Structure formats: structure tokens, C-alpha cells
Amino acid sequence: MKAAVEIIRKLCILFLITLYFQGTASADGDSVIFTGNTIDIGLRELAKGITAASSKRDLESLAAAVTDRYHKLGYTTTMVEKIHVRKDGIVEIAIRESKIAEITVRGVSDGIAKSICAILRPSEGELYNVHVLRSRSMEVRRRLDISSIKIRVLNRDGSEDVSLVVTARRPLWGTFRGEMLYEPIYGLSPFIEYRQKMAQCSLTLHGNAGVRQSEFRKKEGVLRFSVETFDRCQIFADFGWTGKTDVWESAHTEYHERTHRPSVGMNVQSGGFVFELSFVQSSIHLRDYPSGEDDHSELFVKASAAYRETDILLPGMDGKSFAISASSGKSSLLEGYFMKGEAMGVTSWSPAVWLTFRSKFIGQYVSAHERYYMFYVFDRFLPGFADDFTSTTARLLLGVESEFEVYPDTVYLAPLVNGGRFRSEAGPSWYNAVGSGISISVRIGTFGFQAVYAWDIQGNMKDGSFLMTANGTF
Amino acid sequence: MKTISLFAIAVLAIAANTSFPEGEDPLMRVKAVHEKIRTIDCTIEQFIHDGGSVSRYAGRLRADSSGRFRIDYREPSQQTVVATSNSLLWYIKDTATLYVIPSNNPKTAGTSLGMTGSFIKKIDESMKIQYLGTGFHGFFTAVHRFILLDRSTGLKIEMSTGIKDNVILEKKIRDRDGREVMREIYGDYRDIDSMKFPHRVDVFALTGRGVVRSISKYKNVVLNSNISKRNFVLKVPAKTKVLTYGPE
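From first to last, the protein sequence lines stand for chains W and H.
For the first sequence, position 323 matches number 329 in the numbering used here, and the numbering has no gaps at all.
For the second sequence, position 174 matches number 180 in the numbering used here, and the numbering has no gaps at all.
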């Protein structure tokens, strides 16, 4: 049976181009009224030419057409109850619309059951629609980490309404996401994230490290506990710990930092937008820092907004996304307050199915002239400048790539150019740097691999550097 | 500079035009182009890319303008698919099995050939049309843009048709929530007996397992030849096992 279902699925894919289309006649209506209907599905169009003088057969055909339209739209339990000619000569079509009266959820905790009900039937009195329910059950799976959901539709005695019996199952484990990156600053950097969703809350753990020249340059861990307060709004508490070795102008002048960073905040999701506000308190320990070994603390507030197109099918081909954040606070490393702002955006345009142009921009600014707060210029977003650890207080980066599909849905090749303008670490002068390169990507299901070779456009191609990423979700 | 300005003005004029040129209905011209095609006889090669795996199907396709079609697959094995007015039949010779998919299954209703003809026929019947004006598609091909609301399914179709050739170049299908669920890209149009015919159709569809892509390539295309009605009748051996994929 499983094989049969798979065969049918393949067949559906082979012929899916017009899967969704069905035709019905359309017309204008007159001398006809519909009762009992609460939604507009263009019923009047079906009643063209129908009058009190119409034959019984025509009236029955109209009733069948109305029921058929409801069914084709997914309202498969709604039907025409009665059709008759009133004394005033108007044809009345009484419709029995079928609502979702009750939902019973089995197999999960009460809290999750409540969340499932809220997604499947956001408001009381909703009509039963098989298409809408299918789409919402996919949303249940996505939002609540449900591995399987089965819905049985039962007629309620003495009523046109239906009851839903939902059997849901959650995986024992949450979602793992992993990435292995080789980047210019911290070297080989594994990243792993584990996310466990519960009824109204979730726990996320992620850790990453960086190994360069056989020593750890970075170790980082963040634990986030978040609670959904109302629809798509969460409050969260984070605890982050970082241990890093950074460089001061050259690879030979290194300093070490250890930071504990608890924070609290909230985020709201709406459409493709995510807004987040957080309050962060850090305690920082610096070693081998030019101003000496010392303990510091900082307190700042951070606001961010991110947007990602969520209603498109192929974000890699024609998607747009951007993220912007601003933070401000006080640090014992500085005299007075600091301000930090970052913006990042990516837009794609695909003139042909085998070619996608992608452009990105990054803008970063920090008011603090203190190395600890600065940005690296030649990081993973501006590769090709090996062993250059220049830092800056302001950076603007623009990048363009043209990605060719070498093998459908799997192998991609992309020449790329990145240009950066940045302020000198030491003073007010501005500098430019342009790197070019080539990227090869392999994407298989939820796994991906990308290798980039890039070099300074004014230098020698053989002096370039590699950037590699492998990631997957399981 | 003057040339650039004129070009920019021309681009803006095309992009801003949101009404039909007087006396012309671009959709009707698209329809007229597609209605010239009464039958199709060609070889077909289809690839399904599904989460890293690729399945290849190859065979012969015959179709007519009423929506019927028959495909005799040679690869991956001997299989025959026939679409009738009320069901889709798939016979697999190796397993002596016939799968029947009734057209009243909401998941597969209306399943028909991956061509534009059957879709075009329904535009008049059940779709509310909104003309969005002209714009560009792909490598700056000037197109008309439409939104078609399929009243019978509630789906919204965004369609681009070539101004020069009056052919469909792209369709994006959105569900009731406005989420794109399918994209069809028609390409490699070639002239066959003065008729335009796409030789490649890429389809991306949202499924429970993510986005699945199918690529259909058409070769040795013969249009408007006489195809006997008998081709659309599937005959199977007596002991064939029949499985019906009914409505949920």
C-alpha cells in the first residue's frame, strides 16, 4: 500500500501542472435568493436564467450546481437543503453550511492540544473546509513540531455541523541544525543548534566554536527559553557565554575575552516580519588587552527588525530579506554611551530557471572607538583577504553573484564580486577593497555544501583564500 | 545620456501601462494562439527532483484539445497513462497493476496534461480576470501581466504572457492565504508549422515534504496530426489488479 501511495504521489507530481484547475460555468443571477449562506462564493452567477417559471429539473440542476461549487471549494459537508418557489415568485435556495462544532485532540499534552485547536479553528463558527484544514494542519506541523497529524471528520447527530477528531504525534526529540564553516577570522567553525518545542514554550541551545592553527579561537554557547504569551508573540530569557581570541590590528597582537551575557526580551512575528527588543547585561573579562587585564560590564538595549518573504515558493530564486538592528547602552570600557547599528539585505532575481542574480548589502556602524566593539573588515562576507584582521568602526559592503544551475536542483556555480568601503581603524580615513571569487554549491534536500575561493581583485589570484560551509537540518 | 533617458522613459511607459491597448484583449490573443493547437504527438522526457532523488520518465505523448491524453512510457519501465473525462488511469505492466484516480478526488481533480491548452480553455468559464499591465519577464522580455481568480477553486493565478508571441511564459499559483504553492515556467518556445510550442516546462510545487520540481522536455513534436480516439481508451490484460485512489 505504501508503494502504491508513492506511485500515486509520483503520478501527481508528473501531472501536477494543472492539478488545481477545474472549470464551472459562470453567469448572473436574478429572481433567486440564497439563505443560510455566510460566505461569498459567487453563487448568483450560477442562477442565470432561473426564475419561478423554471422547470423542476432546472431547479434541481441549480441545487446540484450550488452544492458542487461548495464541494469544489473544499466545503465538502455543506449542501443545498431545500429549493422552492416562494409565494412572491422568488426562488429560494436554502443552504446548510457545515461548521466545525468541536475539536478533540489525542496523543499530545493538553497545552499542545489547545494550541492545535487554536490553529485549526482560529475562531468559533468557522465552516468546515477540507483545503483550509489541510493547509492549517501543515501549519500545525510546522509551528508545533508535530511529526504526524491525522484528522477524522465526524457528523454530529441532528446537526449539519461536524466534529474533528485529531490524532497528533510529536517526535521525542526536537530539531537539530548543524553547520560546519571554514571562515577567515576564527577558522574551522562548527555550529550546532537544538530546539525543543513544548506546549507554549521552547528551549533552544546552540553552541559554536572556531579552531584556527590548532587552537580554539572561539567558544560560544547560548541557551534561550521562550514562552508564547499570545499569538506569535514571545518573551524570552537568554544566557550566553563566549570565550574568544581576537586580534588587534595584526595577527601577532592578540587579546582574549570571556563574556557572560544574560538578557531578557520579547519578539513579535507578523507576516514575514520579526521584531525583537531585548535588554542585555554583560560581564566582560579581558586578558592581554592593550589597556590592561580588567573586568568590565555593560548594559544595553537592542531593537531589531527582520523581514523575509514567506509567501513565495522559491526564495532562493526571487526572494528578498533584510535585517536591521540598533543597540545603545553604557559600558565601563568606554566613557559615556555607545551606539551600534547594523543592516543587512539580500535580494535575488532569476531571469531564467538556470540563472539567478543575487545581491547583498551590509552596513555596520559603532560609535565606540574601542577595539572590543569594532567589526572585522575581511570576514566571511568579504572573503579573499587571507590573514588580514583589519577592524573598523564603519563598514559598507555590496556584493553581487550570478548563480548558474549546473545540475537541476543540486549543483550551482557562481562567480561573485564583493566590494567594501570601510573606515580606518586608526583614524577618519576611508578605504576600499574589492574581492572576486567563485562559489560552488551542492544542495541535497535539507543538506547543503558551499565552497568559495576568493581573492583581492588588485592582488594575485593565487593569494586568495577558501571559505567553506556545510549545513544540514535533521 | 539622451538615449538613456529615452530608454528609461520607454521602460517606465511600458511598466506603467495598466490598460489594454484600445480594441485589443491580450488574453484573447493568447487564447487564439493556443486554440490553433488541436492535437500534440511528441516524445516526452520528465524528471522529478524530490529531496535529492531524481526520477526519469521517457515515452511518447499524444493529446487532444478536449483534455484527453495518453503517455506510453518506455522508461523507467513500460507504463501507460491515460486521462479520460472522469479519471486518470495508470497501468504498470511489470506489476500488472492499474491505478485509477477518479476526478472527484480533491487532491487530484482536474489532473491533466502539463500543457497550457486545457488551462486556457477555462479562462472564459470560471475565472475572474484582472489585467495588471505590462512589464518584463526573464531577460527583459516584454509581457502582459494578469491575475486570474479561479472562482471554482479559490486559487489565484498570476500569469505573464509574451507581448510579441502571445504565449504563456510563467504562472504562479497562490492559495487562499496568498501563499505561492506552485510555479510553472514555460520555455524553449519553438515554431512548429507557424505555431508556438514550449519544449520545456519547469514546475515547482509545494508538497508536504517541501518543494518538488518536475522538468518536462518535449521533442519530435508534431501538431494537429490525426490521433485516433482509440488511443484514449486503455486496454489492459484480464488479470490486471485494479487499485482505486479514492477521495480522502
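Treat the hints as calculated values from the structure; they're not laboratory data.
You may find that some hints are simply not true.
[Claimed, not checked] One side of the interface only, derived from the structure: several residues of chain H facing chain W at Cβ under 7 Å: (1) A38; (2) V39; (3) A64; (4) F145; (5) D208; (6) R219; (7) V239; (8) P243.
[Stated by the list, open to error] Stretches of chain W that chain H covers, calculated by requiring three or more beta carbons in the stretch to come under 8 Å of a beta carbon on chain H: (9) 182-189; (10) 293-304.
[Unchecked claim] Taking lysine-lysine and the PhoX-like style, the derived pairs with C-alpha atoms no more than 25 Å apart in a straight line are: (11) H:K134 / W:K326; (12) W:K54 / H:K134; (13) W:K308 / W:K326.
All values derive from a computational prediction rather than experimental measurement.
We treat Cβ as the ideally placed atom computed from N, Cα and C, and that holds for glycine.
Here is how each hint holds up against the structure:
1. Hint on A38 of chain H is violated. Least Cβ distance to chain W is approximately 19 Å, over the 7 Å limit.
2. For V39 of chain H, the interface hint is violated, since its Cβ never comes within 7 Å of a Cβ in chain W; the closest pair sits about 18 Å apart.
3. At about 12 Å, the closest approach between the beta carbon of A64 of chain H and any beta carbon in chain W exceeds 7 Å, and the interface hint on this residue is violated.
4. Using the Cβ-Cβ criterion of 7 Å, the hint placing F145 of chain H at the interface with chain W is satisfied: the shortest such distance is roughly 5 Å.
5. Here the hint on D208 of chain H is kept, as its CB sits about 5 Å from the closest CB of chain W, short of 7 Å.
6. Taking 7 Å as the C-beta contact cut-off toward chain W, the hint placing R219 of chain H at the interface holds, the least distance being around 5 Å.
7. The interface hint given for V239 of chain H is broken, as the beta carbon of that residue sits about 19 Å from the closest beta carbon of chain W, more than 7 Å.
8. Because the smallest distance between the Cβ of P243 of chain H and any Cβ of chain W comes to about 19 Å, over 7 Å, the interface hint for this residue is violated.
9. Coverage of the stretch 182-189 of chain W by chain H is violated in this model, with 0 residues showing a Cβ closer than 8 Å to a Cβ of that chain against a need of three.
10. Here's how the stretch 293-304 of chain W fares: 0 of its residues keep a CB closer than 8 Å to some CB of chain H, so the rule of at least three is not met and the hint is violated.
11. Restraint check: the Cα-Cα separation between K134 of chain H and K326 of chain W comes to about 29 Å, which exceeds 25 Å; the hinted pair is violated.
12. Straight-line distance between C-alpha atoms of K54 of chain W and K134 of chain H comes to about 17 Å, which keeps the hinted pair within the 25 Å bound.
13. For a cut-off of 25 Å, the pair hint linking K308 of chain W to K326 of chain W stands: about 24 Å separates their Cα positions.
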